[in-house]
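Top to bottom, those sequences are chains F and Y. With the first sequence counted from 1, adding 337 to any position gets you our numbering. With the second sequence counted from 1, adding 337 to any position gets you our numbering.
In case anyone wonders, no lab produced these hints; they're calculated from the structure. Please note: incorrect hints may appear among the correct ones.
Heads up, the list lumps identical chains together, so a pair's fine if it works in one copy or across two of them.
Result set (DMTMM-like, lysine to aspartate or glutamate): computed pairs, CA atoms no more than 25 Å apart in a straight line [unchecked claim]:
(1) Lys360 to Glu539
(2) Lys524 to Asp398
(3) Lys356 to Asp393
(4) Lys591 to Glu579
(5) Lys582 to Asp566
This structure is a prediction, so every number in the text was calculated from the model and none was measured.
Protein chains: 2
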Amino acid sequence: MYFSLMIKIVILGAGNVAKHLYKAFTPYHDLKVIQCYNRKGVLLHPDQNPATIIQDLKQLDKADLYILAISDNAIAGVSNQLPFTDRLVVHTSGGTPITTLNDKNKRGVFYPLQTFSTTSDLDFNTIPICIEATAKKDEVLLEKLANTVSNTVNTITSKQRSTLHLAAVVVNNFTNHLFSIGNDICKEHHLPFDLLLPLINETTNKINRIAPNQAQTGPAMRNDSNTIDRHLDQLTNKNHKELYKSLTQSIQSKYGKKL
Amino acid sequence: MYFSLMIKIVILGAGNVAKHLYKAFTPYHDLKVIQCYNRKGVLLHPDQNPATIIQDLKQLDKADLYILAISDNAIAGVSNQLPFTDRLVVHTSGGTPITTLNDKNKRGVFYPLQTFSTTSDLDFNTIPICIEATAKKDEVLLEKLANTVSNTVNTITSKQRSTLHLAAVVVNNFTNHLFSIGNDICKEHHLPFDLLLPLINETTNKINRIAPNQAQTGPAMRNDSNTIDRHLDQLTNKNHKELYKSLTQSIQSKYGKKL
Chain F
338 MYFSLMIKIV ILGAGNVAKH LYKAFTPYHD LKVIQCYNRK GVLLHPDQNP ATIIQDLKQL
398 DKADLYILAI SDNAIAGVSN QLPFTDRLVV HTSGGTPITT LNDKNKRGVF YPLQTFSTTS
458 DLDFNTIPIC IEATAKKDEV LLEKLANTVS NTVNTITSKQ RSTLHLAAVV VNNFTNHLFS
518 IGNDICKEHH LPFDLLLPLI NETTNKINRI APNQAQTGPA MRNDSNTIDR HLDQLTNKNH
578 KELYKSLTQS IQSKYGKKL
Chain Y
338 MYFSLMIKIV ILGAGNVAKH LYKAFTPYHD LKVIQCYNRK GVLLHPDQNP ATIIQDLKQL
398 DKADLYILAI SDNAIAGVSN QLPFTDRLVV HTSGGTPITT LNDKNKRGVF YPLQTFSTTS
458 DLDFNTIPIC IEATAKKDEV LLEKLANTVS NTVNTITSKQ RSTLHLAAVV VNNFTNHLFS
518 IGNDICKEHH LPFDLLLPLI NETTNKINRI APNQAQTGPA MRNDSNTIDR HLDQLTNKNH
578 KELYKSLTQS IQSKYGKKL
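With these hints in hand, go ahead and build the complete structure from the sequences.
So, in structure tokens, the structure goes:
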């Protein structure tokens, strides 16, 4: 192996991804987060040694890996400002190509396919990690790191990662918006949204067992135009009405031939 | 109490709702499914006594409650054909008013707010039951039944149930369609859909902890037009492209003022 048994890591950023990565790395003896950089100098974890937090890029020590766990539009800028060359620098973004990183350093991607929030206590082992690197030996290091913290590691291209990110937006951000519309409908009629939670949970449980197109049911699927018309009448919000129509049409055009 | 300690029940229908109700009722000594009616004469459970299955409505015995666990468009017809009057007859449909039942009998609704499939092994206790009855004493019986099998029982009107059913279509049927689009995108690019499951599961877990409008993230939410444009370029299916646009617009119009 070209790298020492211990991987020395620097995490740049102080958002949810940075915090979750810090927490995921600390239990392992062969991973060591030697420094964390963020402009405000905040700790990523209450137990972290404050001496390891730096607020100036010039103070960055030598490490095997620098992880830019920062917002997509900050990646190019921070990677340009790094005061060293020929070291391995990765970002954690689904929608950003590897080439956004400045090529004065060795480039890579360490993309955990998950939504991170301050409130969640995730089991990092279950999170798929998608890695990419321009050099094989860098890929080997990222693979070792990913395999240490996760059971699912995939080496994919920037193009594949961009596709996955698109699919992730559909199943995560758009799904959450549907939940939010369900919430609005309940609120408007003074019904508790909590009544829908068991249904929502089972909707998700189901596609852990069967493919989503096998699980499709509902008025659109069975061409029940009476119910569809009644629902459209009930919807008072113009956006909700339009979305109901588009989703119904999309379901009908997908399964239409089978009816 | 006007009814005996034991509630004698007849289940009509042989679909998933009928089967899940049968299974939910059997553990309780004060509930007895005395007969099941369906045209094909199938058992609702392998352990069921075949002598309790009837295929002719004329063979229906006297019971405290007849549950029509049948498709929405069969409710009126079967309720008309029942060869008795003044007994309590309920349906299990979210989208069907109580008045669809023939008023020669006492009418009610027993609506379990859940999606039922053959493959699932649901904990019935967690399923919200929404009940409705035209007479108070019938409501008391349905309440007793519902409280026996579930921890969450609500008495609601047909109008409220119709609203809940609309919200259920949005968070269940439409959400599943988004999962299916995510699956299609992965398939087209030879990526395993399973990579998205931890994200999907966490999306749902999150709204069990925080309100969905608090959980909203993504390119639409942060007005990230670069990512939105790239995603629209990547989508090859016309319907998917239209849906991506409508959902993005809906998110932006909902949260626009906060940006």
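Results for each hint:
1. Lys360 to Glu539: For Lys360 and Glu539, the Cα distance is within 25 Å only across copies (18 Å; inside one copy 30 Å).
2. Lys524 to Asp398: Answer is neither; intra-copy 53 Å and inter-copy 43 Å both fail.
3. Lys356 to Asp393: Answer is within: at 19 Å inside a copy they meet the 25 Å cutoff, but 65 Å across does not.
4. Lys591 to Glu579: Both. Shortest intra-copy (18 Å) and inter-copy (14 Å) distances satisfy the 25 Å Cα cut-off.
5. Lys582 to Asp566: Both ways: Lys582 and Asp566 sit 10 Å apart in one copy and 23 Å across, limit 25 Å.
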